[in-house]
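Asks: Each residue of the sequence shown is one higher than the one before, counting from 19 in this note's numbering.
Warning: the hint list may mix true and false statements.
[Unchecked claim] Below, simulated SDA-like cross-link-like pairs (lysine to any residue); rule was C-alpha separation at most 20 Å, straight line:
no.: 1; residue 1: Lys87; residue 2: Leu114
no.: 2; residue 1: Lys87; residue 2: Arg161
no.: 3; residue 1: Lys144; residue 2: Asn117
no.: 4; residue 1: Lys87; residue 2: Val72
no.: 5; residue 1: Lys144; residue 2: Trp166
no.: 6; residue 1: Lys87; residue 2: Arg132
[Unchecked claim] Distance windows between CB atoms, simulated:
no.: 7; residue 1: Met91; residue 2: Pro68; range: 20 to 28 Å
no.: 8; residue 1: Pro24; residue 2: Ala156; range: 30 to 38 Å
no.: 9; residue 1: Gly74; residue 2: Asn49; range: 22 to 30 Å
no.: 10; residue 1: Lys87; residue 2: His111; range: 15 to 23 Å
no.: 11; residue 1: Arg161; residue 2: Gly136; range: 20 to 28 Å
no.: 12; residue 1: Gly74; residue 2: Asp138; range: 29 to 37 Å
no.: 13; residue 1: Gly90; residue 2: Pro157; range: 34 to 42 Å
no.: 14; residue 1: Ala46; residue 2: Ala142; range: 38 to 46 Å
no.: 15; residue 1: His119; residue 2: Leu153; range: 20 to 28 Å
no.: 16; residue 1: Glu84; residue 2: Asp118; range: 29 to 37 Å
no.: 17; residue 1: Ala51; residue 2: Gly74; range: 14 to 22 Å
no.: 18; residue 1: His111; residue 2: Ala81; range: 17 to 25 Å
None of these hints come from the bench; they were simulated from the model.
Beta carbons are placed, not taken as given, at the ideal position from N, Cα and C, and that holds for glycine.
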Amino acid sequence: MSVSAPVVAFLEGEGPDARGRSLFDVLAFDNAALESHHDFIQWLFPLREPSHAVPGSPVLTDAEVEAIKDSGMAQCALAAATDRMDAFYRATHDWLMPNDHNHRRITRIIRSLRLLVGDDQAEAFKAAILSRVELTRAPVSARSRGYWMTA
19 MSVSAPVVAF LEGEGPDARG RSLFDVLAFD NAALESHHDF IQWLFPLREP
69 SHAVPGSPVL TDAEVEAIKD SGMAQCALAA ATDRMDAFYR ATHDWLMPND
119 HNHRRITRII RSLRLLVGDD QAEAFKAAIL SRVELTRAPV SARSRGYWMT
169 A
């Protein structure tokens, strides 16, 4: 099945996001850019539901979900994006508070990985996040943790 949706092209490294950035541009963001830009996570980790934070972000169709699952390039992109966000959360600590916008990003990442890659990858990312919270004794809210547990 050939799907030429912008989000599929983006994840295959062949098209830009809504701001004209390539997958490689976004993956090359430093930690400060990852923290300050709020419109990339919906492209790296798309879902079937619209983003409340960034209207107009990609909303996956069934055909796009299947195209991403079947695309070796998109799967590599999701793995690279997961590694980059894991490194970000290991290197930064501002998100380790009761409430932070990154908590919603983490929920999105887990849900997107579960949808597009599989349960093992989603659970591994979730476990890494929860381990960081536990090791630092961060006061992350029970509400955020609950979202992660059910994502």
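Asks: Within a Cα-Cα threshold of 20 Å, do Lys87 and Val72 meet the stated pairing?
Replies: violated, 24 Å
Asks: Does Leu114 lie within 20 Å of Lys87 when you go C-alpha to C-alpha?
Replies: violated, 32 Å
Asks: Hint says 15 to 23 Å; check whether the CB-CB distance for Lys87 and His111 agrees.
Replies: With a Cβ separation near 34 Å, Lys87 and His111 fall outside 15 to 23 Å, so the hint is violated.
Asks: Taking the beta carbons of Arg161 and Gly136, is their distance inside 20 to 28 Å?
Replies: Given range 20 to 28 Å: holds, Cβ gap about 26 Å.
Asks: Taking only the CA atoms, is the gap from Lys144 to Trp166 under or equal to 20 Å?
Replies: Given pair Lys144, Trp166 holds - Cα atoms ~7 Å apart, limit 20 Å.
Asks: Starting from Lys87, check that the Cα of Arg161 is at most 20 Å away, please.
Replies: Roughly 30 Å separates the two Cα atoms, so the pair is violated.
Asks: Glu84 and Asp118, beta-carbon distance inside 29 to 37 Å?
Replies: Holds - the Cβ-Cβ distance for Glu84 and Asp118, about 33 Å, lies within 29 to 37 Å.
Asks: Next pair to validate is Lys87 with Arg132; report whether the Cα-Cα distance is within 20 Å.
Replies: holds, 11 Å
Asks: Check the following: the C-beta atoms of Gly74 and Asp138 are separated by a distance inside 29 to 37 Å.
Replies: At roughly 32 Å between Cβ atoms, Asp138 and Gly74 fall inside 29 to 37 Å, so the hint holds.
Asks: Is 30 to 38 Å respected by the C-beta to C-beta distance linking Pro24 and Ala156?
Replies: holds, 36 Å
Asks: Starting from the range 22 to 30 Å, see whether the pair Gly74 and Asn49 falls in it by beta-carbon distance.
Replies: With Cβ atoms ~26 Å apart, the hint holds.
Asks: Holds or violated: Lys144 with Asn117, Cα cutoff 20 Å?
Replies: holds, 17 Å
Of the hints listed earlier, those the structure fails to meet are numbers 1, 2, 4, 10, 14 and 18, in rising order.
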